[in-house]
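Q: Please build the complete structure, drawing on both the sequences and the hints.
Going by the UniProt record's numbering, 169 is the number at position 169 of the sequence shown; the sequence numbering is gapless.
The hints are simulated quantities; they were obtained by calculation from the structure and are not laboratory data.
Treat each hint with caution, since some may be false.
In the DSS-like style, the derived pairs of lysine-lysine whose C-alpha atoms are separated by at most 30 Å in a straight line are [unchecked claim]: (1) K86 <-> K201; (2) K109 <-> K197; (3) K201 <-> K167; (4) K109 <-> K201; (5) K197 <-> K86; (6) K224 <-> K167; (7) K167 <-> K109; (8) K224 <-> K109.
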Amino acid sequence: METTLQGLPRSPNKQRHQLSEDVATYVRELIITGQVRPGDFLRIEPVAEAVGVSNTPVREGLLLLSGEGFVELVPRRGFMVSAFSKQDVRDLFWAQATMAGELAGRAAKSISPRELDHLEGVVEAHARAAASGSDDELVTYGHEFHRSINLAADSRRLAMLLATVVKQLPNRFYINIEGHGEDTLRDHPLILEALQKRRPKAANALMRDHIMSSADELISMLEKQGLWAELQKSTA
Numbered sequence: 001m002e003t004t005l006q007g008l009p010r011s012p013n014k015q016r017h018q019l020s021e022d023v024a025t026y027v028r029e030l031i032i033t034g035q036v037r038p039g040d041f042l043r044i045e046p047v048a049e050a051v052g053v054s055n056t057p058v059r060e061g062l063l064l065l066s067g068e069g070f071v072e073l074v075p076r077r078g079f080m081v082s083a084f085s086k087q088d089v090r091d092l093f094w095a096q097a098t099m100a101g102e103l104a105g106r107a108a109k110s111i112s113p114r115e116l117d118h119l120e121g122v123v124e125a126h127a128r129a130a131a132s133g134s135d136d137e138l139v140t141y142g143h144e145f146h147r148s149i150n151l152a153a154d155s156r157r158l159a160m161l162l163a164t165v166v167k168q169l170p171n172r173f174y175i176n177i178e179g180h181g182e183d184t185l186r187d188h189p190l191i192l193e194a195l196q197k198r199r200p201k202a203a204n205a206l207m208r209d210h211i212m213s214s215a216d217e218l219i220s221m222l223e224k225q226g227l228w229a230e231l232q233k234s235t236a
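A: So, in structure tokens, the structure goes:
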């Protein structure tokens, strides 16, 4: 028997769910880039003001992060940033690199000429954005490069799994790290070349190395900020 979903009422919580996701994304970025430190308490009102939402989506967003292990709810005190280690950072990037590398390898077999033309245009636009110093465009074209490869792999379920990992990683910090821009301008054309030449193993390896270098860059940045030195002092 065929079932139709036409005519069903829209969920009244759809917009609020998106707002709570926006909060979670914002706070994740603060945590993973060291702008708030393990042991810090996150007050509802300042977060609500920063994101531009009411208190309710903030609580819901922080509960989402509690389920992911980024914060913990301390009775009568509120949400506290959880401790995380260098290995936690590496594990997140390893998961991303493993899945993204596999998708790049699959894309090398299945990508169409039209998709290759689009990717070539993205790489060129990314280079122009770097030359002009447009941070917003750097982020946009960087994301589009990876998104296009994931779509070209024609592996929807794996791409969805990758998305659950990627959302736990910072979105914009890369543009502020010395040397990362040069690495990306070097790596993306090499990955594109592997796709153009239909070299799955090369595409996989290049993508994995490209992403894992970001883990090293983030860890180095957090070390310079004294994150783990502070944690060692607090646990000594």
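Q: Give me the numbers of the hints this structure contradicts, sorted from smallest to largest.
A: 5, 8
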